[in-house]
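> Put chain B on the given structure of chain A with help from the hints.
These protein sequence lines are chains A and B, in that order. Final position of the first sequence in the numbering used here is 1681; the numbers increase by one with none missing. Final position of the second sequence in the numbering used here is 1681; the numbers increase by one with none missing.
Be careful, since some hints might not be right.
Identical copies go unnamed one by one, so any copy, or any two together, can satisfy a pair.
[Said to hold, decoys possible] Okay, derived cross-link-like pairs now, DMTMM-like style, lysine to aspartate or glutamate, Cα gap no bigger than 25 Å in a straight line:
hint	residue 1	residue 2
1	Lys1416	Glu1359
2	Lys1545	Glu1644
3	Lys1382	Glu1359
4	Lys1545	Asp1564
5	Lys1302	Asp1660
6	Lys1302	Glu1328
7	Lys1464	Glu1663
8	Lys1623	Glu1515
9	Lys1292	Glu1328
10	Lys1482	Asp1449
11	Lys1317	Asp1289
12	Lys1464	Glu1516
13	Lys1416	Glu1395
14	Lys1382	Glu1328
15	Lys1382	Glu1490
16	Lys1317	Glu1328
Worth flagging that the hints you see were computed from the coordinates, not collected in a lab.
2 protein chains.
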Amino acid sequence: MIVVQKYGGSSVADTDRVKRVAERVAQVKRDGHNVVVVVSAMGKTTDQLIRQAQEIAVIPPARELDMLLTAGERISMSLLAMAMHELGYTARSLTGSQAGIITDAVHGKARIIDITPGRITEALAGGHVVIVAGFQGVSRDSKDVTTLGRGGSDTTAVALAAALRADVCEIYTDVDGVYTADPRICTAARKLHRVSHEEMLELAACGAKVLQVRSVEYARNHGVALHVRSSFTYSDGTWVTEETDDMEQAMISGVAHDTGEGKLVIRRVPDKPGVAARIFTALADANINIDMIVQNVSEDGTTDISCTLPLADGPSAVRLLEDLSGEVGAEAVGFDEHIAKVSLVGAGMKTHPGVAAGMFSALSEAGVNIEMISTSTIRISVVVRDDDVETAVRAVHEHFGLAATEVA
Amino acid sequence: MIVVQKYGGSSVADTDRVKRVAERVAQVKRDGHNVVVVVSAMGKTTDQLIRQAQEIAVIPPARELDMLLTAGERISMSLLAMAMHELGYTARSLTGSQAGIITDAVHGKARIIDITPGRITEALAGGHVVIVAGFQGVSRDSKDVTTLGRGGSDTTAVALAAALRADVCEIYTDVDGVYTADPRICTAARKLHRVSHEEMLELAACGAKVLQVRSVEYARNHGVALHVRSSFTYSDGTWVTEETDDMEQAMISGVAHDTGEGKLVIRRVPDKPGVAARIFTALADANINIDMIVQNVSEDGTTDISCTLPLADGPSAVRLLEDLSGEVGAEAVGFDEHIAKVSLVGAGMKTHPGVAAGMFSALSEAGVNIEMISTSTIRISVVVRDDDVETAVRAVHEHFGLAATEVA
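The following block holds chain A by itself, in its conformation from the complex:
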């Protein structure tokens, strides 16, 4: 059996924690399995390196920033290899490049385009524990070192699990699984035993921070089963698996929330073809990621268009649209920072009517006003005032009895 394990920065924050991770890995070896361990940089190392870069350059060149940041995993992976040796196991640490993580050349957010794991399989065959630097790869064309973006180690682990046809991919983090809601907000939140890739994707995209969205996408596309669990306990975490027909399906998996977005409102734009296209093409060209988009019904030949986007992009989006407002004929552009998005996710929604109605009633009874609504087949998202976010999460969580029911 091949086990891929990924340990995040908090799990290897100092040399003592590195030793504890080594003991966990040793246990898997004692159980007779092959292990490939993916590690992030220790604790705040990446942030420290970024700070040094900023002392030198306002906008550090992306190629060199990637070269710099990849020093972080190099340190954690070699220390972990030493800790394995100290426990009597031979280990081989491999950089992203050595491990065959081939990417495109987009520094800072490269995408994996191929995995050539020859050195990994060779080292496994030699009985070694293989330790791979997370978050990094090498570009196919330029042979330059690349990074996969924040949280990219999750994707490294999933991609290796897929390429090696691993039996399981364990994602170790500082929480012990995926919850029906954020336990810091909703004390009644319950750990999910099992969730489908699709549901996890929606949860991650809607603010659940436990897994990087891209890693879940990769896992879904390649059928990789993930086990999200804590590196500080030995208890079972949450399994993220393919949806199967015989899987006892909970109607609702959980409630996610996100306070990292703001609402852009463009008032009284002429209600005619091409206007929305014009606006959103301009935003896309400026590399601004839009989340929800809502257009109200037309009154007197004009309409309001609202969309949500990351708080950090608010000012530049407003500037952009003000420049454009003469051309598209909008009356006013505003950006509201005080919103929050609350999302209800569940594969069972597809076959259970009335879920949306139930969510809206619960919010209404709790006195929470809904400003925007957006849905997918397995998700309903609403935008509310940011003051209301905790009330909203608790109300929805309780309405659907998420604390009480046991998920398959």
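Frame of chain A; chain B shown alone:
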């Protein structure tokens, strides 16, 4: 013209110093030259990484220690590349592996066996400043990351200068050149303008710390001219060049001293064939580097053998020889830590008789007793009490008028 520059750890100790190095490099570009910069790890980074390794493993596996330590140059080189960009120059940082530094597989003290500088010449052709991680390479057979040992960045620079047929190889350090003696001991010491590879080799081997012995050896073998200078001033340093017939030859280049060795004395060993071979084979097998060896004339069929070796190796050498003393018939083994070696180096010695006599007279007049003597064609070394080292250096320096004469 191709210029190779090497900056040591103190020259890139923090981000401000990295910026100052960038300005020096920019000057060379403005002068219209191609530049390849070799950097060490910042300040005490290597020591900090070694400390972390020691927190985890008593004897860290050498492969993983090399992987760990090479993170140091990765950080300094990418920061320097960013600083170049900030000044308006494009730069490409390259790891030892990317720069084509091919070594054997002896982790921790690998030797360069080939240089394949394709990526360097390509980047130079593209107008980029090339920044190469010093001290590191990649093993030809295992493709593992290797390091060249302490001071290995000097060797990286010399090897690249040779492979690229650079016009000059500048070694930037925290002193401004090679002196006729250590200025901290001998205030009259004078900076040498020029010294031959052979003389520099002897000086480095006899305790002058400004250049790694191996880098000088490499420079000699490949005819690379070195310019040793300070990164804190713009004044000329010391040139280390091939000895040429028309080179106005100073009789003496300088006085070096070394207090890092002790003297092993093996008393009253039988004066018969094979005994010395037995002793020094045993020491060599234990990886103990012997420097000077002196055997006294025989009295009553026995003799005393003395040798100098690094202080750290004293205890294990004594243990080894005590185990062996029955077999070889030695009467006693002792280790004297309180010695110092003082060496006089000069290519002109070959053709000037009486240099040894002059050195011994100077020491005798200064009241310094000589315990051991060893010579090469261009060097005379003596072992004295460590208390006497400063007196000895000053006396010899003055006797040969090193402060007064101007070296070619």
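> Please work out whether the CA atoms of Lys1292 and Glu1328 approach to 25 Å or closer within one copy, between two copies, in both situations, or in neither?
Classified as between: cross-chain Cα gap 10 Å, same-chain 33 Å, threshold 25 Å.
> Between Lys1317 and Asp1289, at a C-alpha cutoff of 25 Å, which is it: within one copy, between copies, both, or neither?
This pair counts as both: shortest intra-copy Cα distance 15 Å, inter-copy 22 Å.
> Since the copies are identical, ignore which copy is meant and state whether Lys1382 and Glu1328 lie within 25 Å (CA to CA) inside a copy, between copies, both or neither.
within (22 Å within a copy, 34 Å between copies)
> Could you figure out if Lys1416 and Glu1395 sit no more than 25 Å apart (CA to CA) within one copy, between two copies, both or neither?
both (22 Å within a copy, 13 Å between copies)
> Could you figure out if Lys1482 and Asp1449 sit no more than 25 Å apart (CA to CA) within one copy, between two copies, both or neither?
Answer is within; shortest intra-copy Cα gap is 13 Å, inter-copy 54 Å.
> Tell me, please, which holds for Lys1545 and Asp1564 at an alpha-carbon limit of 25 Å: within, between, both or neither?
within (23 Å within a copy, 91 Å between copies)
> Under a CA distance limit of 25 Å, which applies to Lys1317 and Glu1328: within one copy, between copies, both, or neither?
both (17 Å within a copy, 19 Å between copies)
> Checking an output row: Lys1545 and Glu1644, CA cutoff 25 Å. Within, between, both or neither?
Answer is within: at 24 Å inside a copy they meet the 25 Å cutoff, but 102 Å across does not.
> With identical chains, the pair Lys1302 and Asp1660 could be close in the same copy or across copies; at 25 Å between alpha carbons, which is it: within, between, both, or neither?
neither (49 Å within a copy, 57 Å between copies)
> Within a copy, between copies, both or neither: which one fits Lys1302 and Glu1328 at a CA-CA cutoff of 25 Å?
between (44 Å within a copy, 23 Å between copies)
> With identical chains treated as interchangeable, where does the CA-CA distance between Lys1623 and Glu1515 reach 25 Å or less: within a copy, between copies, both, or neither?
For Lys1623 and Glu1515, the Cα distance is within 25 Å only inside one copy (16 Å; across copies 83 Å).
> For Lys1382 vs Glu1490, is the C-alpha pair at or below 25 Å within one copy, between two copies, both, or neither?
So Lys1382 and Glu1490 pass the 25 Å test inside one copy only (15 Å; across, 45 Å).
Comparing the model with each numbered hint stated earlier shows that hint 5 is the single one that does not hold.
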